[in-house]
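Visitor: These are the residues of each chain, in order.
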Amino acid sequence: MTFLTELIVSGLAIGAIYGLIAMSFAVIYKATGLVNFAQGEVAMIVAYVAWTISVHVDGNPFVVAAAAIVFAGLFGLAIERLVIRPMMGEPVFTTIMVTIGLAVVLRSSIVFLWDAYPHALDLGVGQEILEVGGVRLRSGQVAVFLILIAVIVGFFIFFRRSRFGVAMRAVASDDRTALLMGVSTARVQSVAWAVATIISGIAGVMFAIIYELSPVMFTLGLKAFPATILGGLDSVLGTAFGGLVIGTAENLVGGYFDPRMKEVAGFIIIILILMVRPFGLFGTRRIERV
Amino acid sequence: MRSGYFKETIAEQIALTDSWAVRAWVIALVLALIVAPFYLNPFYLSLLTTIAITVVGALGLNVLTGWTGLISLGHVGFMLLGAYAYAIPVALHGYDPLVGLLLAGLVPALASLLVGVPSLRLTGLYLAITTLAFSFIINHLILSFDGFTRGARGIFVNRPTILGVSFQSDAAFALLCLGFAAATLLATLNLRRSRIGRAFVAIRDNDTAARVMGVNLHAYKLFAFVTSSFIIGISGALYGIFLSFVSVDGFPFVLSIQALAILIVGGLGTALGAVLGSVFIVLLPEVVNLGFGVLGGEAARAISTGAHELKSMLYGLVIILFLRFQPHGLVGLWRDLKRGWVNWPLRY
Chain Y
1 MTFLTELIVS
11 GLAIGAIYGL
21 IAMSFAVIYK
31 ATGLVNFAQG
41 EVAMIVAYVA
51 WTISVHVDGN
61 PFVVAAAAIV
71 FAGLFGLAIE
81 RLVIRPMMGE
91 PVFTTIMVTI
101 GLAVVLRSSI
111 VFLWDAYPHA
121 LDLGVGQEIL
131 EVGGVRLRSG
141 QVAVFLILIA
151 VIVGFFIFFR
161 RSRFGVAMRA
171 VASDDRTALL
181 MGVSTARVQS
191 VAWAVATIIS
201 GIAGVMFAII
211 YELSPVMFTL
221 GLKAFPATIL
231 GGLDSVLGTA
241 FGGLVIGTAE
251 NLVGGYFDPR
261 MKEVAGFIII
271 ILILMVRPFG
281 LFGTRRIERV
Chain F
1 MRSGYFKETI
11 AEQIALTDSW
21 AVRAWVIALV
31 LALIVAPFYL
41 NPFYLSLLTT
51 IAITVVGALG
61 LNVLTGWTGL
71 ISLGHVGFML
81 LGAYAYAIPV
91 ALHGYDPLVG
101 LLLAGLVPAL
111 ASLLVGVPSL
121 RLTGLYLAIT
131 TLAFSFIINH
141 LILSFDGFTR
151 GARGIFVNRP
161 TILGVSFQSD
171 AAFALLCLGF
181 AAATLLATLN
191 LRRSRIGRAF
201 VAIRDNDTAA
211 RVMGVNLHAY
221 KLFAFVTSSF
231 IIGISGALYG
241 IFLSFVSVDG
251 FPFVLSIQAL
261 AILIVGGLGT
271 ALGAVLGSVF
281 IVLLPEVVNL
291 GFGVLGGEAA
301 RAISTGAHEL
311 KSMLYGLVII
321 LFLRFQPHGL
331 VGLWRDLKRG
341 WVNWPLRY
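Going down the list, the sequences are from chains Y and F. Sequential numbering from 1 applies to the first sequence in our numbering. Sequential numbering from 1 applies to the second sequence in our numbering.
Any given hint might turn out to be false.
As the list claims (entries may be wrong) - Only part of the chain Y face toward chain F is listed, based on derived beta-carbon distances under 10 Å:
hint, residue
1, L102
2, F156
3, I268
4, I271
If you are wondering where the hints come from, they were derived from the structure by calculation, not from laboratory data. Cβ coordinates follow ideal geometry from the N, Cα and C atoms, glycine included.
Here chain Y stands alone, though its shape is the one from the complex:
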């Protein structure tokens, strides 16, 4: 029984990271209608920048967090302005390929700018062992779960209550009408990129704190993919749930069947999901028959 709970609990912790990244996929998809294949790379870059900052300012966690968030926001704005906006309105193939190109550039620039070795992102927090009901956990694992919940609640309130959140929903549902109603879609889209980069950056930093910082971290983006599809590409809150499910499922497969299958469990789920419900559990059903 403890083995099972341990698998589930640590699965939820990694699932929360997938969930955060999956939410950033969904935020961008909702606002701009494109899937950013570079989301994992973006998370990795933010984590590396956080690491560089922490090395230089000698690790006050609040300073590092604030600086990393500011960087993430600016980075997201820059990507949107320089790479994505010129390509808006092009066919799906073009926009997908642009984000893939971006992913390749970011991924190789990590090894080029930093190095290829794993590092520990040590902020002096997140490593303490907590014992909750017989399950031993690192505080970082608890923290990332709490952050996910905070982000979910934050989004919920933001989309329902704030003027800008309503504008975002308007752009997501019909950008032309929103434009005619005086919503600046361009601004909504840049903010969506900034927000998505911050969320996935948080996920990247948390992953680096709990596990390690290395150039293969971009696979987080690939892992979050199944989560996004499971939750539904256009359902921001659904994708968070998808992340938790995928994280737990991966851990259970790894624990009970074959550790090697852990890596591909998510991809097998994705194919099954796409066959049955291509729009995910919470996504909007688009009528598209072939």
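Chain Y is fixed; fit chain F onto it per the hints.
Guide: Same frame as chain Y, but now just chain F:
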């Protein structure tokens, strides 16, 4: 004053070329390529072989992505399957290389049905995701069944002897790859001219309209999948033989991206584009090396320490820049040049 060409029959429309000059150039090129392997030094010979193998793979992907408009990120998965379908029977069990090459096409073709059937309902983005998942699953299956595939240890592959002709030497193997490239080029060009090829393009341009015209979408999409993975599988086998070692590490995911980059750079949806793109992408790192070599000193040092990263960064940059500034690729550039040459000083 010449006011343009007019074609009056379908036969003229679909002819590969109607110009004697083009035929003469093609014959000259073919002769040059046949002679070249015997005169090139080993480094240029290996580049030529790489280009030939890449052309085969790019033409294969072109059938699926360029003509039928189905985005696939699973290129490397099919290449791996092809390489293993060749290496396991030939290198481990001593079958004839011809059998191996046939299997290298057939196994990926069958596997593509596995991806193709569930993907029939999906388009664009979602198909990209399933094919991406497929290539990762293949990767892990190969590592998992190590009793059959030797897992992470990989398989050594010798150069083949086909029908009594030995392809042991580099020059002979280069000729074999060039032969495959030429055969693939002819085969895909003719496929494009046929009823099937026109159906592919109809699906790409507007699937609803194609369906109304009586194109069976499911059958043709599956056929595109099967044809393209057959060809890609063979390119995988050739690549495995070229490396003389088949392993998961020899086929990194970046090959999938490289294949798409080739199509974009060359010009999506044309066979000529796939060929030009292959030449461009394979030679790009070498040209950059040369450029940095001229700059000398600091730059040369940077490129030797980060050569691999710079190379993949270039792929990414090239994809972005071409999509942004020359979406029709090198073929588009060539067409514009030709049009400009013919019509000068007028602008149309």
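Visitor: None of the hints should be skipped; say for each whether it holds.
Guide: Hint-by-hint comparison with the structure:
1. At a threshold of 10 Å, the smallest CB-CB gap from L102 of chain Y to chain F is about 7 Å, leaving the interface hint in force.
2. With 10 Å as the threshold, the beta carbon of F156 of chain Y stays out of range of chain F, its nearest partner Cβ sitting at about 26 Å, so the hint is violated.
3. Contact between I268 of chain Y and chain F, as hinted, is supported at the beta carbon level, the nearest pair being about 7 Å apart and thus within 10 Å.
4. The interface hint given for I271 of chain Y holds, since its Cβ lies 6 Å from the closest Cβ of chain F, which is under the 10 Å cut-off.
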